[in-house]
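These protein sequence lines map, in sequence, to chains A and B. If you use this note's numbering, the first sequence corresponds to residues 1 to 192, in order. If you use this note's numbering, the second sequence corresponds to residues 1 to 483, in order.
Heads up, a few of these hints could be off.
To be clear about the criterion: a stretch of chain B counts as covered by chain A if any three or more of its residues have a C-beta under 8 Å from a C-beta of chain A, and this derived list gives those stretches [to be verified]:
| # | stretch |
| --- | --- |
| 1 | 56-67 |
| 2 | 193-207 |
| 3 | 223-234 |
| 4 | 291-303 |
| 5 | 374-385 |
| 6 | 474-481 |
Just so you know, these hints were derived from the structure itself, not from any lab. For glycine and all other residues, C-beta sits at the position ideal for the given N, C-alpha and C.
Listed here are the chains, written in short residue letters.
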Amino acid sequence: MSAREEILAAVRGALREADRTEAPVPRGYRTVTPPDVVDLFAERVVDYRASLTRCTAAELPDAVRAALGPARKVLVPDGFPIEVAGSADSAELDTFDAVVTTAALGIATTGTLVLDHGPGQGRRALSLVPDVHVCVLRQDRIVPGVPQAVAALDPARPQTWISGPSATSDIELTRVEGVHGPRTLHVIVVAD
Amino acid sequence: MPAFPEAARKALADTQLRRNLAHATGTIRAKREAVVGEVAEWEELRLAGAAIKDNTLRRLDEHLLTLEASLQARGATVHWARDAAEACEIVARIAHGHGIDEVVKVKSMATQEIGLNEALAAHGVTAWETDLAELIVQLGDDLPSHILVPAIHRNRAEIREVFRRGMADAGRPAPPGLSDEPAELAAAARLHLREKFLRARMAVSGANFAVAESGTLVVVESEGNGRMCLTLPEVLVSVVGIEKVVPTFADLDVFLQLLPRSSTGERMNPYTSTWSGVTPGDGPQEMHVVLLDNGRTRALADEVGRQALRCIRCSACLNVCPVYERTGGHAYGSVYPGPIGAILNPLLKGVGVDEQTDSLPYASTLCGACFEACPVRIDIPEVLVHLRAKVVDAHREGVPKPEAVAMKSAAWLLSDARRLGLAERGLGVANRALTRFGRRVLPGGRRALGRLPWPGSLWTNARDLPAPPRESFRAWWRKGGRP
Chain A
1 MSAREEILAA VRGALREADR TEAPVPRGYR TVTPPDVVDL FAERVVDYRA
51 SLTRCTAAEL PDAVRAALGP ARKVLVPDGF PIEVAGSADS AELDTFDAVV
101 TTAALGIATT GTLVLDHGPG QGRRALSLVP DVHVCVLRQD RIVPGVPQAV
151 AALDPARPQT WISGPSATSD IELTRVEGVH GPRTLHVIVV AD
Chain B
1 MPAFPEAARK ALADTQLRRN LAHATGTIRA KREAVVGEVA EWEELRLAGA
51 AIKDNTLRRL DEHLLTLEAS LQARGATVHW ARDAAEACEI VARIAHGHGI
101 DEVVKVKSMA TQEIGLNEAL AAHGVTAWET DLAELIVQLG DDLPSHILVP
151 AIHRNRAEIR EVFRRGMADA GRPAPPGLSD EPAELAAAAR LHLREKFLRA
201 RMAVSGANFA VAESGTLVVV ESEGNGRMCL TLPEVLVSVV GIEKVVPTFA
251 DLDVFLQLLP RSSTGERMNP YTSTWSGVTP GDGPQEMHVV LLDNGRTRAL
301 ADEVGRQALR CIRCSACLNV CPVYERTGGH AYGSVYPGPI GAILNPLLKG
351 VGVDEQTDSL PYASTLCGAC FEACPVRIDI PEVLVHLRAK VVDAHREGVP
401 KPEAVAMKSA AWLLSDARRL GLAERGLGVA NRALTRFGRR VLPGGRRALG
451 RLPWPGSLWT NARDLPAPPR ESFRAWWRKG GRP
């Protein structure tokens with residue numbers, strides 16, 4: 001018997017006596033929503049030691065320039081909403097100082113950005129290897145919590161959920177930012 | 001591996017270890033409590049998590065077939081492995097097929113459980129751990145002692161030594177003059193590992209969840225090493241226990257709330273990656289998923305123990321356990337330590353197979369803190385008691401164990417009022433003797449003996465024996481109930 005057949009047979013054997021009726025799953029948590037999701041998102045992002053700017057669409061070019069600071073080599077994926085000097089992609093990601101992307105959505109209760117790597121976001125490695133990540137999110141893309149985010153996302157697309165800069169607490173539980181991912185995360189929330 | 005009591009005695013004597021552990025578990029406990037307290041619907045989330053997992057386990061065969069079909073439809077190759085050897089063999093074969101002799105690894109309990117690194121080494125393939133704590137463990141030639149923070153037993157000075165001694169042999173050496181500041185140590189690891197990420201052609205991961213309906217795998221992490229492994233190499237192999245399946249993508253809304261808060265005490269972990277098969281132009285273009293049994297169907301067959309397969313490996317039960325806090329993870333002799341390890345190991349391996357596994361259901365005070373902390377409501381104390389009974393049953397034949405003899409004599413004594421009365425009179429005498437000779441004083445002023453002669457020493461080596469009361473309840477009652 002193949003491993004597949006044997007494991008499936010063992011599963012069926014183990015469940016021979018089991019009651020297979022589905023127990024109800026309580027789903028009330030899906031309707032819980034906090035007030036002022038944009039403010040809450042901003043507060044939680046900062047709590048993760050990311051920096052945050054709120055601006056209007058007209059102010060966005062200046063906000064991006066300010067967030068990039070001294071970075072000289074910048075990755076800007078195709079489809080990014082404003083003109084920023086940089087390359088769209090590269091095999092040599094390690095030589096870039098910073099990357100600018102958009103995001104699919106933001107989650108208020110957890111201060112999380114979700115990238116689904118559509119236009120303006122680039123492939124997954126782009127927002128990982130450079131040391132600075134500037135992420136631009138439209139205010140109307142902020143959802144209250146994890147349930148609303150999961151409901152809005154397409155499982156067929158690869159996703160990267162980002163909450164603050166890369167971090168570790170492996171040494172005496174002291175939090176250190178930037179182990180392998182970007183050491184600096186700058187979030188720009190653009191008003192509608 | 002020695003049985004738990006023996007290993008625990010050694011751990012208890014290590015004051016540095018106890019200090020490191022008390023600090024670490026205390027810190028995570030407080031963080032977890034704070035972020036769990038923020039969520040008003042926490043209890044409902046726990047109930048939902050338990051119900052989803054139970055429903056899935058009860059129809060596991062159907063969900064596994066759905067998962068297989070959706071993974072294949074998304075361009076992944078699915079393998080099935082009955083045990084550790086078979087799983088390791090599959091991973092080695094994939095590496096050899098591409099002429100690859102080194103792989104990078106995302107921290108994964110399943111690959112530790114099957115001893116993948118050692119097995120790959122035997123096949124001439126070097127496996128590099130890329131999680132900072134796993135790197136500390138690997139370079140120090142050590143074993144992990146905690147599910148979430150495998151190097152929890154090491155302090156910063158010890159870690160600096162591990163890096164200074166071990167990094168050069170494994171690649172880029174530690175920078176000269178490396179201090180023991182956590183930020184500097186992390187920076188050294190960043191440089192050391194980046195070389196490996198950028199050159200690796202194959203990565204091995206586990207998965208926190210596998211969504212049957214969409215063929216989505218999920219990896220939850222903090223450092224970005226997971227993202228490096230999942231996106232930079234050409235070939236990705238994920239070893240996934242068959243209990244990791246959840247039916248729909250929407251079900252993740254429960255677990256992505258329960259896991260980070262229970263595990264690291266954060267609202268959300270820094271990075272979560274999800275992928276459903278191959279994405280053209282992004283990430284590895286060849287993907288394999290190894291569906292692993294390795295005792296899980298044995299655990300599934302145990303009606304009481306089955307609930308342990310709900311476990312999402314958050315490690316909350318370790319951090320609240322009074323036994324784990326004092327002995328640490330190595331005493332459990334397994335990659336799954338603490339309360340969950342005490343039930344998972346006998347369930348996966350079976351009882352009556354070896355002394356070490358049989359000792360684990362006793363490594364508990366049954367205080368119930370683990371059940372309170374468990375995000376998927378695994379009733380660990382219930383399973384512990386159930387497994388103790390199974391361990392006793394497994395030893396019914398042959399020479400009886402000392403506990404069995406003690407229990408038999410206790411049954412003889414307690415089943416007859418006259419015998420009990422006589423024994424109680426004896427206790428008064430014992431009290432007078434112990435009060436004179438017992439040197440220890442327990443909280444509350446009661447005297448205790450620290451050491452009995454053999455075979456009583458088997459008990460008192462690890463415990464104090466409190467002096468029996470001066471008179472029995474029945475004697476006191478006959479006197480009219482006056483002290």
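Here's how the hints hold up against the structure:
Only residues whose beta carbon comes within less than 8 Å of a beta carbon in chain A count, and the stretch 56-67 of chain B has 6; three or more means the coverage holds. Proximity of the stretch 193-207 of chain B to chain A, defined as three or more residues with a beta carbon under 8 Å from a beta carbon of that chain, is established by the 4 residues found. Beta-carbon proximity to chain A at under 8 Å applies to 8 residues in the stretch 223-234 of chain B; the threshold of 3 is reached and the given coverage holds. Coverage of the stretch 291-303 of chain B by chain A holds. Counting CB-CB distances below 8 Å, 7 residues qualify, and the rule asks for three or more.
Residues of the stretch 374-385 of chain B lying with their CB closer than 8 Å to a CB of chain A number 0, which falls below the three-residue condition for coverage. Three residues within the 8 Å Cβ limit are the bar, and the stretch 474-481 of chain B against chain A gives 0, so the coverage statement is violated.
The structure fails to meet hints 5 and 6 from the earlier list, while all remaining hints are met.
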